[in-house]
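Undergrad: Here's the letter readout for the chains.
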Amino acid sequence: AQKITQTQPGMFVQEKEAVTLDCTYDTSDQSYGLFWYKQPSSGEMIFLIYQGSYDEQNATEGRYSLNFQKARKSANLVISASQLGDSAMYFCAMREAQGWSNSGYALNFGKGTSLLVTP
Amino acid sequence: DSGVTQTPKHLITATGQRVTLRCSPRSGDLSVYWYQQSLDQGLQFLIQYYNGEERAKGNILERFSAQQFPDLHSELNLSSLELGDSALYFCASSVSERGVGLGQFFGPGTRLTVL
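First to last, the sequence lines map onto chains A and B.
Mapping the first sequence onto the numbering used here, position 60 (from 1) lands on 60, and the numbers just tick up by one.
Mapping the second sequence onto the numbering used here, position 61 (from 1) lands on 180, and the numbers just tick up by one.
Derived by calculation from the structure, the hints in this document are not laboratory data.
The structure presented is a predicted model; accordingly, all values stated were derived computationally and were not measured.
Any given hint might turn out to be false.
Said to hold, decoys possible - Straight-line C-alpha distance at most 20 Å; calculated SDA-like pairs for lysine to any residue:
1. A:K73 to A:A59
2. B:K128 to A:G43
3. A:K111 to B:R141
4. A:K111 to B:Q156
5. B:K176 to B:D148
6. A:K3 to B:K128
7. A:K111 to A:E17
8. A:K111 to B:S205
9. A:K73 to A:V13
10. A:K3 to B:R141
11. A:K3 to A:E17
12. A:K3 to B:S205
13. B:K176 to B:R141
Construct the entire structure; sequences and hints are all you get.
TA: Have a look at this one:
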């Protein structure tokens, strides 16, 4: 089974600074997808960014970028110019084939990193 | 707003009871997924339906069941509830069954409290 590891239970960053949230993964699949989600205190899960295993370039979405190092099996999230509204839990996830004949799929989540942005 | 709706937002019930959680996927999405988020287990995949058919099963208890209806909305039924079933239950949806490309879009969740 695949495994996602987020080693930082909590992180602090000052407003306007950049922060990197770590994620390592373990899989024997050649084709896989990696995702980051944000969960603010209100509870909803917000999709941030996606990286496919065959993508040549690192994914970027606005202030979010994914530092994908395939050989090291890491997919770190970089948030640039942090804002107070970035304070939330951040989850790294991997798409995992499931079911009979791998006809379905699920997201396998890490335990999350709690980010606090301070003024 | 992800476009996925879930009702109810909160649910408080007693042990031994049965509840039904409802989910409407984003317009055009054929796949629906259910996840459970608890403090001790984290976010766990329960089950996936695609266009009315079950496609994948995760750590779903036998006391739990789900279905997807012809209009693509889905219901998660939880029976013989125990204290440990208290959690945030998410529904998510995606266009395809294999999730190629973009991921899953999550609803706001239903917070279940079993007393």
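Undergrad: It remains to establish, for every hint, whether it holds in the given structure.
TA: Hints, one by one, checked against the model:
1. A:K73 to A:A59: Status holds; Cα separation ~15 Å.
2. B:K128 to A:G43: holds, 11 Å
3. A:K111 to B:R141: Status violated; Cα separation ~26 Å.
4. A:K111 to B:Q156: Roughly 10 Å separates the two Cα atoms, so the pair holds.
5. B:K176 to B:D148: holds, 19 Å
6. A:K3 to B:K128: violated, 30 Å
7. A:K111 to A:E17: violated, 24 Å
8. A:K111 to B:S205: Satisfied, since the Cα-Cα distance of roughly 18 Å is no more than 20 Å.
9. A:K73 to A:V13: Violated: K73 of chain A and V13 of chain A sit about 25 Å apart, past 20 Å.
10. A:K3 to B:R141: Cα-Cα ~30 Å, so violated.
11. A:K3 to A:E17: violated, 30 Å
12. A:K3 to B:S205: violated, 25 Å
13. B:K176 to B:R141: holds, 18 Å
Checked against the numbered hints listed earlier, the structure breaks hints 3, 6, 7, 9, 10, 11 and 12; every other hint is satisfied.
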